[in-house]
Amino acid sequence: MRYLPLTPEDRTEMLARIGAPSVDALFADIPAAKLNPGLDGLPGHQSELSVERTLGRLAARNVPAGSVPFFVGAGAYRHHVPATVDHLIQRSEFLTSYTPYQPEIAQGTLQYLFEFQTQVALLTGMEVANASMYDGSTAAGEAVLMAHRVTKRRKAVIAGNVHPHYRETIATLSRYADDGVTALPPAPNGAEDILAAIDGETSCVVVQSPDVFGHIVDLKPIAEKAHAAGALLIAVFTEVVSLGLIEPPGAQGADIVVGEGQSIGNPLTFGGPYVGLFCTRQKYVRQMPGRLAGETVDADGKRGFVLTLSTREQHIRREKATSNICTNSGLCALAFTIHLSLLGETGLRKLARLNHANACKLADALAAVPGVKVLNGAFFNEFTIRVPGKAADVIEKLAAKGVLGGVPYSRLAPKAGLDDLILVAATEINTDEDRAAYAAALKEVLA
Amino acid sequence: MNREGRGATTPITIGAGAPQTFTGNRALDLEEGLLFEIGRAEVTGVDIEEAADFAPRLGGHARTAALELPGLSEPEAMRHYVRLSRMNYGIDSGLFPLGSCTMKHNPRLNEKMARLPGFADVHPLQPVSTVQGALGVIAELSRWLLSLTGMTAVAFTPKAGAHGELCGMMAIKAAHMANGQTRHIVLVPESAHGTNPATAALIGYEVKSIPARADGTVDVAAVKAALSPDVAALMLTNPNTCGLFERDVVEIAAAVHAAGAYFYADGANFNAILGKVKVGELGVDAMHINLHKTFSTPHGGGGPGAGPVVLSAALAPFAPVPALVADGAGLRLAEDEGQSGAAQALGRMSAFHGQMGMFVRALSWMLSHGADGMQQASEDAVLSANYIRACLRDVMSVPFGERPAMHEALFDDAWLEGTGLSTLDIAKALIDEGYHPMTVYFPLVVHGAMLIEPTESESKASLDLFIGALRDLAFAAKAGETERFLGAPHYAPRRRLDETRAARAPVLRWTRPAPLSEAAE
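Protein sequence lines correspond, in order, to chains A and B. So for the first sequence, our numbering puts the first residue at 873; every next one is plus one. So for the second sequence, our numbering puts the first residue at 1044; every next one is plus one.
Just so you know, the hints here were simulated from the structure itself, not pulled from any lab data. Treat each hint with caution, since some may be false.
To be verified - Facing chain B, according to a computed beta carbon distance under 10 Å, are these residues of chain A, among others:
id : residue
1  : 945
2  : 972
3  : 1142
4  : 1154
5  : 1283
Every residue, glycine too, gets a C-beta built ideally from N, C-alpha and C.
Turn these sequences into a full structure, and let the hints guide you.
Structure follows, in C-alpha cells:
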C-alpha cells in the first residue's frame, strides 16, 4: 500500500523490540469478541489510477458552474480566483502544518493570520477581527452568543431578510442553548420594520446587508435604536466583495460584524469549506470566540507572532470558554488573504464595481422579459425577481435549457409562502452572451 | 548521524561567533516584512476589466472612505507568501508527533480529486438534478463511515470536530426532549479534550467531572456513582487521551443506557481502531469523526476540518438538516425540518451541506486504502507508538505501567526531576533537532505530559532517528546540559516568544505607525 512505509520485516522487528507476540496483542484491551469485525462490503485498496476513475465518474455527474451561463448566489458566489492563490495554498508548509501552538516554527501561519485579521478589520471598518470561523452562518450563531455574554441578556432579534440558512443556524443554536429568538418575517420588497421589534430585553439585533433579497440596508438607525435600548447591532454579509463598493458596517455603528469570506480566494465546492469572518470592537475582544494572532517579540527582541488571549478558549477554560471552537478555516483564510493582497484596494474596488455593473445590466435584461418584475431599487451584485408561477419550476426548466439562473427563495424557506421569487446573482464571470442567453431562456420558459 | 542517542559526550556549542548580516537574513533563512510594510494601495496583482460608465444603483450607500488595503504585484505576492511558508513546519517537512492530532501523510491525489471542476466548481444551491455526483460522494462517504463504525446514520454537515460534538450533543438533547425529559448534567472524564466540556456547557448542560483511576482509564464504578436521572449523557474519548483503550467501555455504555442517558464518543482517536472494532458494537450513540485526522484531509495550519457524526438507531431520527434521501428519482436533499426524511431533525448546523471539499479528499483516502489498507494503517499507527514507547521507557518515564498503548505513547515528567528542566524545555529542544514537538501538558491528568503520536506514515528509519534524538535529549538533560534546553530553540526562525507580553497588551492587527513628528510628542 503506497502510503504505508513499514515493511513486513520492519513490523516483525518492531514487535520483537516491544516484546509482543503479534500486533493483535497490542489491541488486547478491546473485548476479544469485538476485535477485527470484518468490513464486509468494502473493497480492497486501489491504485491511484483506479481512484481517479471512480471519483472522476462521480464528478462527471455534476454540472460545473463554469460550463454554463451561471447566476446562482444566495450565500456562495462564483468569482475568478488568480492561479497564484491555489498554487500558494498548496505549499507543503502551509497545507500540512498544524494550528500554530509552537510559534517558533509556525511564524508563516501566524504572520498571515495577523495580516488576515488586519485586512478583515479594514474591510469591515471594525477594530479587531479573529483568525476565522467555520463559515458565515456559524459565525452569526457565535455572534449572538457573544452578544448575550456582553449584554447579559438572552433575547436576539433576527431580521426577516437575513439568509434563511443563517436564521436557522442561529435559531438552532439558540434553541439548544435555551436562549430566546424573535425572528421577524421576510420582506422581499425591502421595507422591513426592524426598529419596532427592539425593546429593553433585546440582547442584539441581527441584520444582513446586502440582505438575502439583495437590498442594501441602512444600518445607522438600527444601530441607534439598538444602542439606546442597551442592545448590540450584529451586521451580517454573505458577499464580502460588496465591501469594496458600499459603506462598511463598522462605519454605521455595528458592534459585531460577521460574514462569509468565500467570495475572495475560495471556490464554490458545493458549500464548503468556506471561511467565516468575525469582527468586533476592541472593548469586547475578551468575549470573542475563536483564535487570535497577536504581535510580540522573541528572546532576541525580534518581532514575532503568537496565538494570544487563549484564556478565552476551550483548551484552557474548558466549560467556561467563550466557544467550543477549535479547528477553524486556516487554509481558506490563507486563500482569502492572498487573493485580497493581490487585489489590494485598487483591485477590490474595480472588482466590486464590475460586479455591480454586471448586475445592473442583468437586472435590465431580465426586467425586459414579459412577466418578470425586479423587486430591488438598490442592490450590489444580487437582486430578486418575481416570476409568474412557481420559481422552483422556472429554475428547473432553465437548467434543462442549460442556464443556472439563480435560487428559488422557496428552496431556502419552503414554509415562507414566497414561491414566486428567484434570487439572482451576477459577478465578473458573466459575459454579455451569458446575460443574453439567460434573458432568452427565461422568455421561452415563461412564454 | 548519531542514531543510538548519546555515544559521544562532546558538549554542543551554540552559534558562537556567527556574524550579523545586513538584511537580517541567514542564507536560506529569510526574513519577511508585513504585507502592510511592503504593499501599496495603488498596486494590484490582478488585471480586472474596467466597468464601462453606468449609473450605480447603490441607493446612496456607496463607500466614500479609503480602505487602506495594500496590494502586491504577482511576483511580490508570490515571494511574500513563499517566504512566509518557509517559516513553517509541516508534515512534509518531517515527523510530526503531535499527540491527539493525527498528523499523517496528506496524499496529493486527494488534492487533485477535490479540484476536479465537477466538485470544486459546483454551487450548493444548484438544482439537485445537476449535482447528483456531489450527492453521490456524500452517500458513498456515509456508506464507508457506517461500515467502519457499525452505526445507523450519518450527520454529515458539521464543519469540524467540535462542531460535530455540538451536533451529537444537540441530537442527545433533542432525543431527551422528544421523550419529554429535561436532564441537566453531562459527565466528562478529567482527561477529556477541552472541547467536550465546552460543548456541553454551550447548550446549557452542567459538566460533572469523572476522575480517572490509577491506570489512566475510566472506572465503571465512578461512572455508575455519578449517574442519576438528571444525567443526559456521558462524553468519552476512546481510545482515551492517555492513549489507552477504555477496556470497560461495554459495561460503561450499559450503565449509561440503564440510567436513561446517552453515550457520546469523541472520535478524535479513531485512527487507532479503524477496522479493528466497530464503535456501534460498543454501545456508542453518537461519535464525531475528524476527517482531518483519521482520513488525512490536510490540517492547513488549523483548518478547515470536517466532523461528520455517526448516530445510533436511537439518535438517527434527530440528525440535522439537510438529510440525504434516496428515492426513485435519484438522490435529493431534505433541507427543511419536518420534510420527509427529516421529520424529527434537530435543526440546522450551518448553511448548505457540509464540507464537500473534505468529503472528496476523505473518500479518496478511503478508496485508496480499502478495507485492508485501513486496517493495516491502524495497526501500523499502534505498532509505531508502542515501538517508540518501548525504545524510550528506560530513559523517560511512562505513567500507566505495562498496559499496551494504542496509537499514542504518553510520557510524564518524572524523569526530569532534579534536572531543572520542564516538559516545555524538552519540546523546544526537539525543535532544534528538526522535529515538531509532541503534544505537551495534555492530557491534564498527567503531570508534564508529553503525548507522542507517530501515525502510520513513518518508516522504521524515521522512527529510529526520532527515538535517537529523544534519547540524546534525555541523556543531555540528565547530564546537566541545561543551556541546550533553556535557550531552545536556537535554530528556529524565532527564539522563544513572549506570550505574556502578547496577552497583556494585545496587538491584534497592524496599524499605521504615527508620523515621526507626532511620535515625538
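Outcome of the hint check:
Among the interface hints, the one on residue 945 of chain A holds; its C-beta lies about 8 Å from the nearest C-beta in chain B, closer than the 10 Å criterion. Annotation: residue 972 of chain A was flagged as interfacial toward chain B, and the flag holds, the nearest CB pair being 7 Å apart, inside 10 Å. The criterion of a C-beta within 10 Å of any C-beta in chain B is met by residue 1142 of chain A, whose closest approach is roughly 4 Å, and the hint holds. Interface hint status for residue 1154 of chain A: upheld, as the beta-carbon distance to the closest one in chain B is roughly 8 Å, under 10 Å.
Look at residue 1283 of chain A: its Cβ gets to within about 7 Å of chain B, closer than 10 Å, so that hint holds up.
In terms of the numbered hints stated before, the structure departs from none.
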